[in-house]
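Residue strings, one per chain:
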Amino acid sequence: MNKKGQLSIETLILYGLIVLVALSAVGALIYFDVLDLGGYLPDTCDLGGKGDLKCEEMQFSGTTLSLGVRNTGQRPIESITIYVEDEEGTHFSGIKSADATGVAVTTPLAPGDIAAVKIDVGGSNPGKVLRGSLKAEYKFKDGAITQESAGNIRITAGI
Amino acid sequence: MNRKGQVSIEYLILTGFIVLAIIVPSAIFLYSVTNQNVQGTLSNQKASDLGNGLVNDAKQMYYLGLYSNKIVEHDVPDNVKYMYVFELDDGANKYYYFGLIISDGKKESVYNFQSDVPLTSEVGTYVTTDDSAKSYIQECQAPGNTCNFFSFKDSPTKPGKKQFKIETKFDGGDVKSSITPFI
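In order, the protein sequence lines correspond to chains A and B. Residue numbers for the first sequence follow numbering that gives the first Met the number 0, beginning at 0 and rising by one. Residue numbers for the second sequence follow numbering that gives the first Met the number 0, beginning at 0 and rising by one.
Looking at chain A on its own, in the form it has when it is part of the complex:
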């Protein structure tokens, strides 16, 4: 019997098995929510669009998702509404929204200023990551149309 390459085949099988077992174990941990790799990533918040709004601060605890949204455009903004959707349904279902506090026709958000947006999402699972999509609708003080921008958020819920 020709035994050329027997060692190679044995090594290949051994390596294959080790990789398979390791991947299965990691896969199982992720599947059963024991291991959440997303939790090791930093929190991010991005509103996309043409750069008029920038999400700079975020906090998620209890039932409230709070965002700090800065006007990085050139014009005052008279209204901002932010919509959030939990894409994995970890914390809530449906689309939640809220208007920015204190931003109105009479008190527009000046360029460079930051506005607070507190969205009541109804509940949260502390320690779990919220992976969601964000949509902002805003209107410039001297504008006629409602502008839109869309982005993403990833934040770990606090206690």
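Read the hints as simulated data drawn from the structure, not as lab findings. It is possible that part of the hints are untrue.
As a list, the in silico DSBU-like pairs of lysine-lysine whose alpha-carbon atoms are at most 30 Å apart [as the list claims (entries may be wrong)]:
| hint | chain 1 | residue 1 | chain 2 | residue 2 |
| --- | --- | --- | --- | --- |
| 1 | B | K157 | B | K45 |
| 2 | A | K140 | A | K117 |
| 3 | B | K105 | A | K134 |
| 4 | A | K53 | B | K58 |
On the provided structure of chain A, position chain B as indicated by the hints.
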């Protein structure tokens, strides 16, 4: 036959094969995951540069005076569905915008850049008065509001460096800045 080192060579080939078998799928997976985000960010940036650039060019020509003109070059992002200049008349005031809608098949992004100066365009090979993009602007559906569109088509909406002619001219008795693709 000299078999010295056969085991070593086999071992080397196998290790290389295994490393490749792990690295290649991982690289493809990571590329596909990150590519979406990177493309999205790049597209946003290009759209902003194009919109802000054209609106600023139009403003500059407007204040330079009647019949001022220049040719500018801007980078058009991928997947442009509509590119247009439009005027919104709410009965009391007129507002002017340059806009583009980007659709990658999964999601659509609407970018409208407000102009401080009156805008227009010139109907021709690459410009029509098609108002299909109207459905994306809710204020155009509002009663009492009218929207007039100049939609760009074909080459100017394809990705890459494109030239636009910006000129100040008379249009309907008013002085306006015209943005027209210049191929």
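Which hint numbers does the structure go against, in order from smallest to largest?
-> none
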